[in-house]
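Protein chains: 2
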Amino acid sequence: MRLALLAAAPIVSILLGFATPATAAETRIPQRALAQAEQLRERALADDTGWKVTESLTTEVGPRLAGSEADARAVAWAKAKFQELGFDRVWTEPVTFPKWVRRSESAAVVGAHAQPLQITALGGSPAGTVEAQVVRFADLAALEAAPDGSLAGKIAFVDYQMPAARDGNGYGKGSAVRSKGPSAAIRKGASGFLMRSAGTDNHRVPHTGITRYDEGLTPVPSAALSIPDADQLARLLARGPVSVRLAVDAGWDGQYTSQNVIGEITGRSRPKEIVLIGGHLDSWDLGTGAVDDAAGIGITMAAAKLIAQLPRRPARSIRVAAFANEEQGLHGGKAYAKAHAADVARHQLSAESDFGAGRIYAFNTGAPEHARAATAQIARALAPLGIEYAPDKGGPGPDIGPLAAQGATWAWLAQDGTDYFDLHHTADDTLDKIDPAALAQNVAAYAVFAYLAAEADGDFGSSAKSGDAAP
Amino acid sequence: MRLALLAAAPIVSILLGFATPATAAETRIPQRALAQAEQLRERALADDTGWKVTESLTTEVGPRLAGSEADARAVAWAKAKFQELGFDRVWTEPVTFPKWVRRSESAAVVGAHAQPLQITALGGSPAGTVEAQVVRFADLAALEAAPDGSLAGKIAFVDYQMPAARDGNGYGKGSAVRSKGPSAAIRKGASGFLMRSAGTDNHRVPHTGITRYDEGLTPVPSAALSIPDADQLARLLARGPVSVRLAVDAGWDGQYTSQNVIGEITGRSRPKEIVLIGGHLDSWDLGTGAVDDAAGIGITMAAAKLIAQLPRRPARSIRVAAFANEEQGLHGGKAYAKAHAADVARHQLSAESDFGAGRIYAFNTGAPEHARAATAQIARALAPLGIEYAPDKGGPGPDIGPLAAQGATWAWLAQDGTDYFDLHHTADDTLDKIDPAALAQNVAAYAVFAYLAAEADGDFGSSAKSGDAAP
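If you're matching them up, the sequences are chains A and B in order. Heads up: the first sequence begins at 1 in full-length UniProt numbering, then just goes up one per residue. Heads up: the second sequence begins at 1 in full-length UniProt numbering, then just goes up one per residue.
Which bits of chain B does chain A cover? Going by a derived footprint, with three or more residues having C-beta under 8 Å, they are:
# : stretch
1 : 113 to 121
2 : 195 to 207
3 : 230 to 237
4 : 418 to 431
Just so you know, these hints were derived from the structure itself, not from any lab. In this text the structure is predicted, and so the values were computed from the model without any measurement. A virtual CB, placed ideally from N, CA and C, is assigned to each residue, including glycine.
Produce the entire structure from the sequences given, and follow the hints as far as they go.
This is the structure:
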C-alpha cells in the first residue's frame, strides 16, 4: 500500500464525513442482523478460506508486477477464484497504465574497500550506470538544503531510518525520501540516487516502491539499499570518501491494459446498493506479495463468501474488487472511480484491506451524523474481536481514495502494522510471514462490517459531488 | 564454521583427553593469577576492542571469500590490526588451496506458475544450466533410497528442514544434505541438485557452504533455495509436476596461496609454551562474515590485547591465529597443524571461536586427569560470566581439529548458537546481528581462560603423537 492517503485521512474525514447535512433520517442496524453477525463472526474465526485464497494467489501466481506476464495470470486467477467461491456475478473493468520493467540492478563499493551492496531499483527508475563518489545526507531535508550544483557528478545517498509504528506513521517521512529524493538530488546536480530503504527490518532485502521525477528533470538511476547495506555504507563514509558503481537496467515500456476484477454477492432487496470491499491484485516483483496485498484479497474474498453462505443474502450487494496496479499510482482505484462516477451514491460504505495481515485493532467510518449510531453499532459487533471504536480517526484505503474523493463514504478497519514495514515491497513478503489466526480475525471483521452495512436501515451518507466525475 | 568436528567431539575427547596417563604432577593455577583474572574479566566486560575489531574487518574488508581479491586484503588487514593492537610478534604462514569462483546463479519455476526462486550455488558447484522437472525428497535418506537411474534428466530437491538448537546439533543432519546430497543425486541420474538451505531463518537469503562430489562422478549444478523458496517449491509440487530452470556460473579455477596470520604476546618465563586461540579470517561471499567469523577474530584478538595490557606478561605466550580458508575445508587449520607438527607439545591449550557471537554458556578442556583440577579452576573463574563447567562435553573448534588430532589439548568455550543458523553462510551475516554486550562477554571469557592457562603451574597434557605429522 501507499500511505499518502492515510496520512491525509483527517482532512478526508472532515471533507467527506461530517460536512454532510445531518438532517437525514437516522440510520440503524436491525437487531436481527446484529444477531446474525455474531454467528457470522464466530464462523469466520473458525474458517480458513482467507488463508487458502492467500496461499493460492501467492503460490500459483507468485510475484505479479503490474504489466508483467504474471499480471495477466493474476487477472485470470481472480476471475476463476471468484467463480470457485460462488460469487453471483464476476466481471472485469479495464485499467490502462504505463508499464515499467525491471531487468537488472547492482551496486558495489569500488576501491580499497571494494564490496557489493544489496540494492533494488526504485519503480520508475531509468536505466544507467554511474560510478561516482557518494555524498550522504541524514534525511530529505538535508538533501534539499544542499547548494545547487553541489552534487555534480556525485551519487546522493539519503540515509534516513524510518521508525516502526502500529499505524505505520513512520512511512510518511520514509516514503517521502523515495518519492521526492530523486528529483531533489537531480536538482542539485547528482547523477545517481541511493536511499536507505523505507523499512524497519534488518535483513539484506532492499525495499522497492514507485518514485516519480518532476517535470523537466532528466531522471537518473535511483535505488534503495537494504538497511544493513545502508549501515555499511554509512560506516565506510565515516572513514573517508567512498565511490560506488550503481548499475540499473530498467525503464518505462509503453502502455499496458490490465483489469480490475470484481465479484459480487447480489443483495436480496436493494441489490443496486453496494458495500464495497477489496484489496489490490498486483504486487511488487521482489516477493510474492503476501502481506501486500494477497492478504487483502484473501480477507475480502473470504468475508464475502462467508456472507453468501448465510441462510439469506443481506439487503444490499457485497462487492469485492481486486484492484489492478495499486503500487504504481492507484491505477485500479482511479479507474474504478472513473467507471463508477455515476454510482457513487450507491456505494454505501467502501473499505480496502491493504496494510498487511496483522490483527485489526480499530474501526471507524467517514459517515455523517445521521449514520454515527449505525457506525457505533458495527463497532460494538466488532468489539469481541479486540477492535475498538475510534470515532475521530481513519480514512479510506488507497484504492478507495479516488471514490471517496467523489463522495463515497469510507470505512476504516485499522490493521496492526508494527511489522508491516519489515516486509513491505521486499523479497521477504512471502506467505510464511502471515499468521493464519490473525488473518481469520481480519476475515471475521470484514464479514461482520460488510454484512451489517448491507443490512442497515438507512444510508451512510455517500453522495456524488457535482463536477467531480473522476480524479 | 563447519560442525563435523563438533559432532565428533565426544570421540575426540576420549581419544585425546582421558586416554593420556594420569601419573603426571597435578597442574594448578596460582592464587595470584586467579585474582588477576578477576580484574581482567571485569575490564574485558567494559572494553569495546572486540567490537571495534569486528566492525573494522566486516566494514573495511567486507565479504572475503577464500582466494578472492578480498582474501589478500583480509590478510593485510589482519597483519596491520595485530600490529596496531600491540602484539609482540606478527607473522604469516602460507596456506595453499584450490580456488572456487562464484560468477552468477539464478533459478526460476517455468510454465504455468512461472516465478523466480532465490538460490545460491553451493561452494564447489560447477557451471551449468539445467531445465528439468523437480523431484522432491523429504530428506537425504529418501534421496539415497531412490532407485538408481530414477532421476535421469531430473533435478533432485531435498526438502529437509534443520531445527534450531543452542548447541547447533541440528546442523549435523542439515549440512549432510549439502555435503552428501549432490553425489547421491548424481548416482540416481540427476542433472541438477537443489536443497532447502541448511538454516533456521525465514528470509529470502539462501545459505551457501561447501560441497564435494565423490570421485568418479560428473558434478552437476548444485544450489540451496532460501527457506521461503523451499516452502514455495514444496507447495507448487503438492499441486502437480513442476519444472525449474537452474543456471549456475561458478567453478574451480587453479590454486591460490593465502596466509594464516598470527600474532603473539610473548610469555615472560616460558615463552615457547603457547596458549593458542583464534578464529578464521575468510568468510563466505554473500554476507560480510560477521558472526562467521569476524566475531571470532575480534573476540580472540581483543582477549590477547587485554592480557598484554596487564602489569606483566603471563608465563606462557598467547598466540592468536587468524586462519585462512576454513570454509572450504579447514585449509588454514590443516596448514597450521602441518607447519607446527614438531611443536604440538608446546601448545598447552588451543581453542577457536567459530560459532557466532552469542554468549558463552559452557566450558571444558580435553585435558587429562592431572589437569582436571586446573580446568575446574578456570571454569570457576568463568562462572561469574554465566558459564558452567561441562566436564564431559566439548571438542576442538574446526581449525583446532587437525592440531588436536596430532595430540594438542583442546579447550571448548561453547557459544549459544540458537540464532547462529539464521545467519550462517547467508547475505544476512552482517555486523548489525551482533550484540556488543554478548561479544564483550566472549572477550572476557577468552581473556580469563587464556590468561589462566598461560599462568598454570604444570601442563595440560598435549604431546605429539608419533607418526602423525600432519593430516
